[in-house]
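From first to last, the protein sequence lines stand for chains A and B. Residues 20 to 175 (this note's numbering) are what the first sequence spells out, left to right. Residues 20 to 175 (this note's numbering) are what the second sequence spells out, left to right.
These aren't lab readings, by the way, just hints derived from the structure by calculation. Among these hints, one or two may not hold up.
If you want a taste of the chain A side facing chain B, the calculated C-beta under 10 Å gives, among others [to be verified]:
no.	residue
1	V55
2	C105
3	T122
Computed from a predicted model, the values in this text were never measured in an experiment. Positions of the beta carbon are idealized from the N, C-alpha and C atoms, including for glycine.
Residue-level listing of the chains:
Number of protein chains: 2
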Amino acid sequence: MCNKDFMQKAVKLSRDHMEANDGGPFGAIVVKDGEVVAEGYNRVTSTNDPTAHAEVVAIRDACANLNTFSLKGCELYTSCEPCPMCLSAAYWSGVDVIYFSNTRKDAAEIGFSDDFLYEQVSLPLEERSLPIKRIELAEANKVFQDWMVKEDKVLY
Amino acid sequence: MCNKDFMQKAVKLSRDHMEANDGGPFGAIVVKDGEVVAEGYNRVTSTNDPTAHAEVVAIRDACANLNTFSLKGCELYTSCEPCPMCLSAAYWSGVDVIYFSNTRKDAAEIGFSDDFLYEQVSLPLEERSLPIKRIELAEANKVFQDWMVKEDKVLY
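Extracted from the complex, chain A is given alone in its bound form (with noise of 0.2 Å):
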């Protein structure tokens, strides 16, 4: 299969999911080694979650079947343009690259948040739309502190 049919793959998933009132139009695939690992479709409304989006559950469902937390080696096929919720998960994910098709500015035209979402995350914190406020504590840092110097700690 070529990238085009993967990401053909993500967007059947889209439809068929937005048919079935799961949640938003969106799909994705995990691929590794050329074979298909993992699926996710929106279910945001369906589920009550608002992380459940179409990239986040893939990449959490590849995870579970590779019994793993890295997806290095890993490919994904998103129908749209990942927010930066999912941009994000991907990183943290590990995965090599991703593959999308509609863009964060078609996502806006339907009535997504996406565009406005990386306007936001890019802002001082004092410049966004929700409130963001600090409250220090020592305890909080020496929990950091604590963090560097344990020695079983599991790196990720």
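Since chain A is already given, all that's left is putting chain B on it; use the hints.
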């Protein structure tokens, strides 16, 4: 309970679950009407889920407990400034406000890539370290057009 008390709860989660080797040193809670409605802690390595950051776990838990995909009226307390994934999850969830203690710079100092991720998310696609490429398909855009006119869709 005051803001500082809630933050102490989030920090205690970060300490307890770091010590239990569940994952990185991060904890979070969701508060509604002065009551804790959900807890989360990082469990990336113990559950093989790169999206299982404290804030994402707490948001998912709050939505499950409150039986909704909208956390309007809720506050998110997290022991560390959210990474772009968790910040975006907070936007998608609709929480009213985020409180944090450690900063993204503190996280960078103990080896986490939150600060780097903020830089990456803000870059044009072609300048990022994780390759991201477009495969344009007419079918993908057709799904978006069909979503636009879908009469029984659930907006989120």
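Hint check:
Evaluation of the A:V55 hint against chain B yields a violated restraint, the C-beta minimum of about 16 Å exceeding 10 Å. Hint status for A:C105 relative to chain B: holds, with the closest Cβ pair at about 8 Å, below 10 Å. At its closest, the beta carbon of A:T122 sits 7 Å from a beta carbon of chain B; the interface hint therefore holds under the 10 Å criterion.
In the structure shown, a violation is registered for the earlier hint numbered 1 alone.
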